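Asker: Chains A and E, in that order, give the protein sequences.
Just so we're aligned, residue 1 is where the first sequence starts under this note's numbering, counting upward by one.
Just so we're aligned, residue 504 is where the second sequence starts under this note's numbering, counting upward by one.
Take these hints with a grain of salt, some might be off.
[Claimed, not checked] Simulated restraints on C-beta separations:
#: 1; chain 1: E; residue 1: P953; chain 2: A; residue 2: H287; range: 52 to 62 Å
#: 2; chain 1: E; residue 1: P823; chain 2: A; residue 2: G185; range: 42 to 52 Å
#: 3; chain 1: A; residue 1: D19; chain 2: E; residue 2: G773; range: 57 to 67 Å
#: 4; chain 1: A; residue 1: P212; chain 2: E; residue 2: R760; range: 17 to 27 Å
#: 5; chain 1: A; residue 1: W171; chain 2: E; residue 2: E990; range: 46 to 56 Å
#: 6; chain 1: E; residue 1: A603; chain 2: A; residue 2: N128; range: 45 to 55 Å
#: 7; chain 1: E; residue 1: P953; chain 2: A; residue 2: D19; range: 36 to 46 Å
#: 8; chain 1: A; residue 1: A100; chain 2: E; residue 2: D957; range: 28 to 38 Å
#: 9; chain 1: A; residue 1: R11; chain 2: E; residue 2: R760; range: 33 to 43 Å
#: 10; chain 1: E; residue 1: D963; chain 2: A; residue 2: S16; range: 56 to 66 Å
#: 11; chain 1: A; residue 1: P212; chain 2: E; residue 2: E990; range: 45 to 55 Å
Please keep in mind that the hints were generated in silico from the structure rather than gathered at the bench.
Quick caveat, the model's predicted, so the values are computed rather than measured.
Note that beta-carbon positions come from the ideal geometry of N, C-alpha and C, so glycine has one too.
Protein chains: 2
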Amino acid sequence: MSDRIANEALRQKVMSADDAASLIHDGAQIGFGGFTGSGYPKEFPPALAKRIKAAHEKGEHFTVNAFTGASTAPELDGELAGVDGIGLRSPYQSDPVMRAKINDGTSYYADIHLSQFGMQIRQGFFGNLDFAVIEATKITADGNVIPTSSVGNNAVYVEKADKIIIEVNDWQSEDLEGMHDIYYGFALPPNRVPIPITHPGDRIGETYLRVPQNKVVAIIETHDPDRNSPFKPIDEDSHKIAGYLLDFYANEVEHGRMPKNLLPLQSGVGNIPNAVLDGLLHSDLDHLTSYTEVIQDGMVDLIDAGKVDVASATAFSLSPDYAHKMNENAAFYRNHIILRPQEISNHPEVIRRLGVLGANGMIEADIYGNVNSTHVMGSRMMNGVGGSGDFTRNAFISAFVSPSTAKGGKISAIVPMVSHVDHTEHDTMVIITEQGIADLRGLAPRQRAPKIIDNCAHPDYRAALHDYYDRALRDCKFKQTPHLLDEAYAFHRRFLETGTMQA
Amino acid sequence: MSDRIANEALRQKVMSADDAASLIHDGAQIGFGGFTGSGYPKEFPPALAKRIKAAHEKGEHFTVNAFTGASTAPELDGELAGVDGIGLRSPYQSDPVMRAKINDGTSYYADIHLSQFGMQIRQGFFGNLDFAVIEATKITADGNVIPTSSVGNNAVYVEKADKIIIEVNDWQSEDLEGMHDIYYGFALPPNRVPIPITHPGDRIGETYLRVPQNKVVAIIETHDPDRNSPFKPIDEDSHKIAGYLLDFYANEVEHGRMPKNLLPLQSGVGNIPNAVLDGLLHSDLDHLTSYTEVIQDGMVDLIDAGKVDVASATAFSLSPDYAHKMNENAAFYRNHIILRPQEISNHPEVIRRLGVLGANGMIEADIYGNVNSTHVMGSRMMNGVGGSGDFTRNAFISAFVSPSTAKGGKISAIVPMVSHVDHTEHDTMVIITEQGIADLRGLAPRQRAPKIIDNCAHPDYRAALHDYYDRALRDCKFKQTPHLLDEAYAFHRRFLETGTMQA
Chain A
1 MSDRIANEAL RQKVMSADDA ASLIHDGAQI GFGGFTGSGY PKEFPPALAK
51 RIKAAHEKGE HFTVNAFTGA STAPELDGEL AGVDGIGLRS PYQSDPVMRA
101 KINDGTSYYA DIHLSQFGMQ IRQGFFGNLD FAVIEATKIT ADGNVIPTSS
151 VGNNAVYVEK ADKIIIEVND WQSEDLEGMH DIYYGFALPP NRVPIPITHP
201 GDRIGETYLR VPQNKVVAII ETHDPDRNSP FKPIDEDSHK IAGYLLDFYA
251 NEVEHGRMPK NLLPLQSGVG NIPNAVLDGL LHSDLDHLTS YTEVIQDGMV
301 DLIDAGKVDV ASATAFSLSP DYAHKMNENA AFYRNHIILR PQEISNHPEV
351 IRRLGVLGAN GMIEADIYGN VNSTHVMGSR MMNGVGGSGD FTRNAFISAF
401 VSPSTAKGGK ISAIVPMVSH VDHTEHDTMV IITEQGIADL RGLAPRQRAP
451 KIIDNCAHPD YRAALHDYYD RALRDCKFKQ TPHLLDEAYA FHRRFLETGT
501 MQA
Chain E
504 MSDRIANEAL RQKVMSADDA ASLIHDGAQI GFGGFTGSGY PKEFPPALAK
554 RIKAAHEKGE HFTVNAFTGA STAPELDGEL AGVDGIGLRS PYQSDPVMRA
604 KINDGTSYYA DIHLSQFGMQ IRQGFFGNLD FAVIEATKIT ADGNVIPTSS
654 VGNNAVYVEK ADKIIIEVND WQSEDLEGMH DIYYGFALPP NRVPIPITHP
704 GDRIGETYLR VPQNKVVAII ETHDPDRNSP FKPIDEDSHK IAGYLLDFYA
754 NEVEHGRMPK NLLPLQSGVG NIPNAVLDGL LHSDLDHLTS YTEVIQDGMV
804 DLIDAGKVDV ASATAFSLSP DYAHKMNENA AFYRNHIILR PQEISNHPEV
854 IRRLGVLGAN GMIEADIYGN VNSTHVMGSR MMNGVGGSGD FTRNAFISAF
904 VSPSTAKGGK ISAIVPMVSH VDHTEHDTMV IITEQGIADL RGLAPRQRAP
954 KIIDNCAHPD YRAALHDYYD RALRDCKFKQ TPHLLDEAYA FHRRFLETGT
1004 MQA
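Chain A extracted, bound-state conformation (with noise of 0.2 Å):
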């Protein structure tokens, strides 16, 4: 037996994950560990995919509620979407098979803001948790639990949970220890207090959850990476909006708007955001903070080249080499990352607090500003709001980036009225693409219209816009927010017809 359980009592609760998934009945609700692909349980949900499949062949009702920190990976939410297994799925999701249960109508999805969903938990407002599954890289002789590659809501889910199982996993480094801060201040109103963080390398909690002996029903061995997927090259149009962006921050400092390294930088997962880091890199800021939610491969290298002093946040979501160097080289980046519970990473608190810069990618703005993060043509869910509404709605400065354009030119990501709002004008305060950048600040909507179209639309989708816009200032009677009703989907509908938003 693996020397990594180093708790007598406990070692005597390990079993294999089919041994485990037969402790979970039909109707479990249950908090599964995992943010962005990393620290997910890894060979329980297949087994537990395996007793559902059974159960349905047999002709028996099988499903589970389940609830993580953010996405998984295929198999955690593909095993188990993938057998018709999740009645409720919440707050977020990216795998492919899972989105398509959840759009063809097999699993009920509840699309929760990222630092809410524990929140809501505590609060008892999505019923009794029967079961936390999570991931460790070791439990210490005082049965301590040390996780892993994410936090996410591990800890609400042991807490509030009536069982555990727990997958201690040898391919995460041991030297993960004192990388995580758990906050352990967390109480129901009236008793909640301030959360004593003023600068994102404040520690505030311990570096282990805690865990009831007495709930772990079983502890499962595993062996197995976290889903790291490659990085694509950054590409010109990301190059060029995280350009814009860069610029705009320096202009923000000239005006003494922002101290010169900057303010706190919210990072997303993916492209541009990897560009923005890259950008960074090569620029002559130093002593750069970050507070957010994922530490990607980019964050890694500012690390590196000594720009960033701390980076916060719930988890890594890095590629299969820059794993492997966190991996052998844990004991040096956890002095300059900081892994926290998704309550914090995301609370409005800290990052109202904090100033933080917000950058989130987006499917879809409109000429005034409402931005969609979620829906595809109004009805089909890609991945969920995330913590994109937790540090918009709070950040210092709040920013949405996307291509101008989708799908080789055939979709505009700058339309009349956008067809699901994730974020409101209200809220909205930069948007760019490759074609430039709108700054909205102090702007009325008919004083961003013109602005958006023009820098951010793609030429191709500019004189439609204005034509939409035009005649909707001249017809419509009341001017605040002009719009024409019966064309405002025009776009998407053309897009649902013809394959295209081009006429």
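Got chain A; can you put chain E on it based on the hints?
Answerer: Frame of chain A, contents of chain E only:
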């Protein structure tokens, strides 16, 4: 001269409103006091309007950008808008003349969360503030300024403006001194610190505004009442809605999800909030608290009855009788009421920490729980988002309340898709109409739709809503949030064409 101006140096600056208005230039950015028709300057704005009108008659350009706490009164918004004197208005208004000028395109209107406007002024996002024009009940010998019936953004305006004009109004009670709590702990990031409020009754600031004397350019003596409008008697629908809300709270208490004396109440302005307060008055609850924007009559009754220990707000919105009572008994009420800057009364950090019970009005909600608080038929601005976003996103319970129909049944408050989104599906927990209540916590969109239609829509509209939802569910290929984009606004388009949403 009034003995309310005890400071010698400032007594030298007393002048007429006309003389003060002559100090203002075209294009000036002015931060006015005033919140829900309380504590706004009363004689300066009409004098400024006269000056602007005279300039216009001479063919000169003259507008000002008018910022406030929230809504003001005919003397301010009405007068200035009436002479086409406002270029940009922010962050909230409700005056009929102002509203008309926004909707006919004369004035721009930037509709900003009430907690954020002062912060954005501090951050420099609205440019330089030329003037602060505020109301005081008195000025002490030391030159400290005691606010009146609202605090709003007075502190930030006085701090950031180049020049300050003060109206000293002897209609306001001198006993208001001690009721205000002006927080001076604001800083810009990276130097922001936790706001040290853990109970609605906590006092964290000073009882007066710090006013740099060298910036004061005029003092005007006034004697005018606030815009206090009588409340209408509570109608039956409001009683019903209040009943559903209070039953919901009682059920939460019963299930252990809320303390017996509830959590701090947010209470909007108007008929339904008044009915809720009336319901509380006739309940057996006590030791209630409130953390809200506005103190209205019902809250005063609850304090008189000994049921509310303390109410925190940023302004009064009282009927004439209750305003009289407040002025007569301010020395008593200041033991139970705290008036704070709206940056604090509406701060997400404090609202989330305290676990405020939010209940806000709406124009319409859709079958998936998105809420429109601002735009009639998608284009016509009513008042603004106000504090509804601050409270809804951060409250322990986020409820929206409205009669199920408006305009004698011609408008349904429940529609297939809202024509403007101020609060997203991610934020709405409960919807209540006189028809009933839909508890949406933990539900996916397809679980919400039937519940909202059956529980909240008026019977006259239920069949049409079900028909839309059933066909969307059947015909839409992607079923997370089924919508038919060519029909989503059929209700609204019918109203615009025929004057009723009914087929």
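Asker: Next step is simple, just say for each hint if it's right about the structure.
Answerer: Here is how each hint holds up against the structure:
Checked against the hint of 52 to 62 Å, the pair P953 (chain E) and H287 (chain A) passes, with Cβ atoms roughly 55 Å apart. For P823 (chain E) and G185 (chain A), the Cβ-Cβ distance of about 47 Å falls inside the hinted range of 42 to 52 Å, so the restraint holds. D19 (chain A) and G773 (chain E) have their C-beta atoms about 60 Å apart, which keeps the hinted 57 to 67 Å range intact. Judged by the Cβ atoms, the range 17 to 27 Å given for P212 (chain A) and R760 (chain E) holds: they are separated by roughly 22 Å.
Separation of W171 (chain A) from E990 (chain E) is about 52 Å and conforms to the stated range, judged on CB atoms against 46 to 56 Å. For A603 (chain E) and N128 (chain A), the Cβ-Cβ distance of about 53 Å falls inside the hinted range of 45 to 55 Å, so the restraint holds. Checked against the hint of 36 to 46 Å, the pair P953 (chain E) and D19 (chain A) passes, with Cβ atoms roughly 40 Å apart. Take A100 (chain A) and D957 (chain E): their Cβ atoms lie about 29 Å apart, and the range 28 to 38 Å holds.
Taking the beta carbon of each, R11 (chain A) and R760 (chain E) are about 38 Å apart, inside 33 to 43 Å as hinted. Evaluation of the 56 to 66 Å hint for D963 (chain E) and S16 (chain A) yields a pass: the beta carbon distance comes to about 60 Å. Checked against the hint of 45 to 55 Å, the pair P212 (chain A) and E990 (chain E) passes, with Cβ atoms roughly 53 Å apart.
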